[in-house]
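Engineer: For the protein sequence lines, the chains are P, A and V, in the order given.
Letter by letter, the first sequence follows residues 647 to 1218 of the numbering used here.
Letter by letter, the second sequence follows residues 9 to 140 of the numbering used here.
Letter by letter, the third sequence follows residues 44 to 311 of the numbering used here.
These are computed hints drawn from the structure, not numbers from a lab.
Treat the hints with caution; some may be incorrect.
[What the hints assert, rightly or not] A short, non-exhaustive set of chain V residues, derived as facing chain P with CB atoms under 7 Å: (1) N151; (2) V199; (3) N220; (4) S256.
[Claimed, not checked] With a Cα cut of at most 25 Å, we get these calculated PhoX-like pairs of lysine-lysine: (5) V:K160 to V:K202; (6) V:K202 to V:K239; (7) V:K244 to P:K1106; (8) V:K76 to V:K239; (9) P:K1106 to V:K239; (10) P:K1106 to V:K76; (11) V:K160 to V:K239; (12) V:K160 to V:K275; (13) P:K1083 to P:K1002; (14) V:K160 to V:K244; (15) P:K946 to A:K11; (16) V:K76 to V:K160.
[Unchecked claim] To spell it out: a stretch of chain A is covered by chain P in this simulated footprint if at least three of its residues, at any positions, have a beta carbon under 8 Å from a beta carbon of chain P; those stretches are: (17) 74–80; (18) 87–96; (19) 111–125.
Ideal Cβ placement from N, Cα and C applies to all residues, glycine included.
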Amino acid sequence: MTDLIERHDIESSDDHGDHGVSHHDHHGPSGLLKWLTSTDHKVIGINYTVTSVLMLILGGALAEIIRAQLVSPTSTLVSFAQYNQLFTMHGSIMIYLFAGPFAFAGLANYMVPLQIGAPDMAFPRLNALSYWLYLGGTISMVLGFFATGGPAAFGWVGYAPLTSAVNAPGVGPDLWIGALMLTGFSAIFSGVNLVATIFYLRAPGMTLFRMPIFTWNMLVTGLLILLAFPVLTAALVMLYCDRHFGTHIFEVQGGGVPILWQHMFWFWGHPEVYILALPFFGMVSEVIPVFSKKPMFGYKGMVFATMTIAALSLGVWAHHMFTTGAVLLPFFSIMSLLIAVPTGIKIFNWIGTMWKGQVEYTSSMLFAIGFVITFLIGGITGIYLASPPLDFFTHDTYFVVAHFHSVVMALVIGAMAGIYFWGPKITGYKLHEGWGKAQFWFLFIGTQVFTFPGYWLGLKGMARRMAVYPNNPSWQTLNDWSTIGAIMIGISTLFFIINLLVSWRKPIPAGDNPWDANALEWFTTSPPPHHNFLSLPPVRSERPTWDYYHPEHPALGHGDHVSGHAEQKVSN
Amino acid sequence: MLKQESYILIAFGIFAGIIGAVYWFWGHEDSGGVMLVGAILLGLMPGLYYYYWYRRSGGQRPEDRPDATVADGAGTVDAFPSTSIWPFVLGSGCFFFVLALVFGIWLLVPGLSLVLAAFIGATAESRRGGSV
Amino acid sequence: MTSRRAALLAVIAPLVLAGCQLPSFGAYHGITKGGTQSYELWQGFSVIAAVVGGGTFLLILWAALRYRRRGDTIPRQTQYNVPLEVIYTIVPILIVIGLFAATVVVENQVLSEPTPKATVNITAFQWGWKFVYPGENVVVIGQTTQNPTMVVPEGVNVKMNLVSSDVVHGFYVPALNFSRFAQPGLNNTFTFNFDKTGTFKGQCTQLCGLYHSLMYFQLQVVTPTQYRTWLKANALTPAQAAAAAAASANQINAGIPVKPAQTSYGVN
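Chain P with its partners taken away, still in its complex shape (with noise of 0.2 Å):
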C-alpha cells in the first residue's frame, strides 16, 4: 500500500488537540503479518531497539561469566577454548550486534524522522530491509554458540592470521563473518537512508543549523557509516576468499600481508567508535538542554564539534596499531589527541547548558549526567593512548580495557538516558521514576567499580584476554573489586527488566509533552499517528516545540538581554 502524505500547518489543520482522531485510518494487516510487512519507521525502530537491548543482555551475561572467571588466578569455571569463545561473542555482540544497531537504527530510525517533521524515513522499504538483514546477522551470530567447534573466538578484532582456515577451523567463524556482512551492509543502507532523509524530507523552515543536536549527529553518523563500513566488508570478503577459496592476502605463505587486515579493520574500527558514540552524544544533548530548561548552550559550536570529531576520524585508524612497529606514529598521535578539543568543547557546552539553568533529577537526566561524567574519564585515558611512548606500555592491557569500557559503558549509560526519555513518546507511558534511580544509581557506580581496577591492573602488567593469571595472585584483589561491580552492572539490568514489567503493569500515560520538551517529535502525539504529524508549527529554531509553548522565552544569541521575561512560570 501507498499512502499520499499532505503536510498541514497548524492554523489551517481541525485543531492541535485534535490528535485522536487521524484521517489516515489505517486498514493494514495486523499481527504477526503487520510486524512482517511495515515500513513505518517507528515499527522499525521499535524492533532495532528491543532486539539489540535483548543482544545487549545476552552480552551482558556473557560478560558476567567472564567476570566469574576471573575471580581467582587459576579459576576453572570455563576451559581456555571457552573462554576466547565467551570474549570474543561478548565484544562482537556489544559492537556489532548492541551498540551500533541501537545508536544508529534504534532510537535514530524513531526520532530522526520525527525530529524534523518528516512522515517517514526516504527509503522505507529499504529500512526493512536494513531489520531484517540485521535480524539475520543477529541469528547467524548467535548461531554460532550451536556450531560444531563452538563460536569464533580470535576476539573481537579478528587479527589476521588467527582467523585463517588453519587457526581457526569450523563454521563458528564462518558464522562470524557471515554475520558481519549481514549487519554491515545493513547499517550501510541505515546510513543512506538517514543522510537521504535529513537531506530531504526536512519540514518547512526546518534549515539545517536548526536541526535538533541528536539529528545532527546522526547525519554525521550516517555520512561515517558510509565511509568505514564498506571497508570492513570487503576485508569480509577477502577473509572469506582467504579461508575458502585459495587466497593468501591475509597469508604470509602466499605472499599476503597480514597487516593489511588491521589497516582495514581500523580504518572502519575507529570511525566505528564514533559511529556509536555520536548518536549518545545526540541523545545526551537532547536531555540536558530539555531538564535544565534551558537551549543547547554553544549549539552551532557543538555541530562544528560534531564534524570535527567526523573529519579527524579519518586520521586516527592506526593508533590502535601504535606497537605494530609498521605504522606514521607522529601523524595518527596528533590526530588522535586532537580529537580530544571537540570532545572536550562537547562536554564543555553540557556544562554550559546545566550552568544557571534548572536542573530536574529525573532519572533520563541522572544518566545523562552519569554518561558524562564517565565519558570523561574514558576520554582522558584515551588521551594517553594517543602518546605512542605510553601506548606502548598499556596496549593489550587491562588499561584499554578499562578505557574502552568506560567509554562503551558510557554510551550505555546514555542509551538509558534516551530510554527514558523517549520511552514516554514511543509507548505513551513513562518509565517509573524510582526503579529508573535505583537502576542509575547500581549502574553507574557499578561502571566505576567495575573499571578503576582495570586502569591499575593494566599499569601492574596484567594482558588482555587472559583466561588465568598463575603467575600473578596479586592481581586477584583488584579482579575482584572490577567483578563486583560487573555484578552491580547485571543487579541493575535487572532493575531495568523490573521498571518494564512495573511500569507496563500500571501504567502511567505521559501525554504528548512530558517533559515540556524542545523538538519536533513533541509537538505530535504519543505514540506518533501513522505518518507521524497532523499538522507542524512554525520552525524558527531548533527548538520548535519549546518556541510554540513557550513564546516568550526565545533563545538569545550572544550579547542579547531580553529581560523582563526571565521571572515568568512555566506554563505548562
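Guided by the hints, dock chains A and V onto chain P, whose structure is given.
Structural biologist: Below, chains A and V without anything else, positioned relative to chain P:
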C-alpha cells in the same frame, strides 16, 4: 536547494584530501592511502552532484529558507509505502545466502529463489503503485 | 642540537623535572633510559589529566548540584557566549600541542637504535618464545609450562629482532614500559640499554589462540661478565644451534636437542 548539504560533503572530501596527501607523502603506506582516496570520493562525488543541482536549480526549498512557513511547504510531500512484504523476503534470501557461505552451496537454492522473488515482487509492487 | 629540538625540550623539561617528586600514578619506573622517560611522560600526562579531568569533573558536579531545580521559573535562555567558547577551544589545542611535543621527544628516545653490542633474535610462536643469540651458538626455547628466560647484559646496547612464526603475538615486559607486536613476515627491531639488573616478567599481550594466557617468559638482566659466562655455559655445537634456531614449535615438542632455560615458576 541543497547548498549547505553540498558544502558539507565537499568540505569532507577536501579534508580527506588534505589528510590523504599528508599521510601519503609522509608515510608512503599503500592501504591507508587507497582507503583515503575512497574517503575523498565519498565526499566529493555526492557533494559535487548536489552542488551541480544547486547551481542548476538555484532555487531554495522551503526547508532551506529560515523564514519559510508551513504553508509554503503545504501539499503532497511524497508517496510512502505503508506496508510491503518484499523487504522481509529479500532479507530472508540474504540470510540463506550467508548460510550457504557457511554450511553448503545447496542453501543457495532457497537463498537465490527468495532474492529473485523479492526483486520481481518489489518491482511489480512499485509498477502497480505499491499495492501488495 | 637544533633550535627546534631545544624548543621541544623546553616544553618537556618542566615535566621531567617535576617527575622526580611526583607519584608514580601506578606505572613502572622503567629499567632503560627510554622506559624511564616514558615513565616521566606518564607522570606529566597524569598531572595534566588530573588537573583538566578533575577540574571538569568538579564543574559538572557544581553545575548539576548548584543549579538543581528550585522552582518553576524559567531561567535565562542563554545560548551563546562566544569568548568563553573560544577559550575552551584554544586552551585544549594548546595543551594538546604541548602533550604532542613531549610525546615526540620521548618517542624518539624510546625508538632510537644506537649501534648494538649484543643481539637477540626473538621468535614468538604458539605458544612460546625462542631467543636466538646469533654468533654465540645459544638458543633458548620455552613454551607454556616451561617459560624461557632471555638473558641480556646490563649497560650495553642490546638489539632485538622480533618476528612471529605463525599468528600475531605481543612481546611485553611491563618493567620495560615497552611492548611490540611480533608479526609473521614483518621483522621489528628495537634497542634497549638496561640500567638495572634483575629478573622481570614478560608475557604475550596479543590474543594468539588457545594458550595465550600461559605464554610467559622472563627477562633476566645480568652484568656483562655474567652474560659472557652464561653464554659459554649454554653454548651448543654449531650444528645443534643451527637446528634449534630453525626449529618450529612442533619440532620442539618432538625433542630437538636444545637446552630450555629453567623457570623459577611453573604453571599448573
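Engineer: Given as covered by chain P, does the stretch 87–96 of chain A meet the bar of three residues or more with CB within less than 8 Å?
Structural biologist: Per the Cβ count (10), the hint holds.
Engineer: Is it true that the CA of K244 (chain V) sits at most 25 Å from the CA of K1106 (chain P)?
Structural biologist: Between K244 (chain V) and K1106 (chain P) the Cα gap is close to 11 Å, so the pair holds against 25 Å.
Engineer: With the threshold set at 25 Å, check whether the alpha-carbon distance from K1106 (chain P) to K76 (chain V) stays at or below it.
Structural biologist: Distance of about 19 Å is within 25 Å: holds.
Engineer: Cut-off 8 Å, C-beta pairs, minimum 3 residues; does the coverage of the stretch 111–125 of chain A by chain P stand?
Structural biologist: Coverage by chain P is violated for the stretch 111–125 of chain A (1 residues, Cβ < 8 Å).
Engineer: Holds or violated: are the alpha carbons of K160 (chain V) and K275 (chain V) at most 25 Å from each other?
Structural biologist: 17 Å, holds
Engineer: K160 (chain V) and K202 (chain V) were given as a pair; does the straight-line alpha-carbon distance stay at or below 25 Å?
Structural biologist: 8 Å, holds
Engineer: For the pair we were handed, K160 (chain V) and K239 (chain V), check the Cα-Cα distance against 25 Å.
Structural biologist: Judged against 25 Å, a Cα distance of about 17 Å means the pair holds.
Engineer: Hold the hint about S256 (chain V) up to the distance rule: shortest CB distance to chain P must be less than 7 Å.
Structural biologist: Constraint on S256 (chain V) satisfied, holds at 4 Å.
Engineer: Would you check chain P against the stretch 74–80 of chain A, counting CB to CB pairs closer than 8 Å, and say if three or more residues qualify?
Structural biologist: Our answer is that it holds, as 7 residues pass the Cβ test (under 8 Å) against chain P, meeting three.
Engineer: Under 7 Å is the threshold here; is the Cβ of N220 (chain V) close enough to any Cβ of chain P for the hint to stand?
Structural biologist: With a minimum Cβ separation of about 4 Å from chain P (threshold 7 Å), the hint on N220 (chain V) holds.
Engineer: Answer holds if the nearest beta-carbon of chain P is closer than 7 Å to that of N151 (chain V); otherwise answer violated.
Structural biologist: Violated - the Cβ of N151 (chain V) stays beyond 7 Å from chain P, reaching only about 9 Å at its closest.
Engineer: Grab the minimum C-beta distance from V199 (chain V) to chain P and call the hint holds if it beats 7 Å, violated otherwise.
Structural biologist: Constraint on V199 (chain V) not satisfied, violated at 22 Å.
Checked against the numbered hints above, the structure violates hints 1, 2, 19; every other hint is satisfied.
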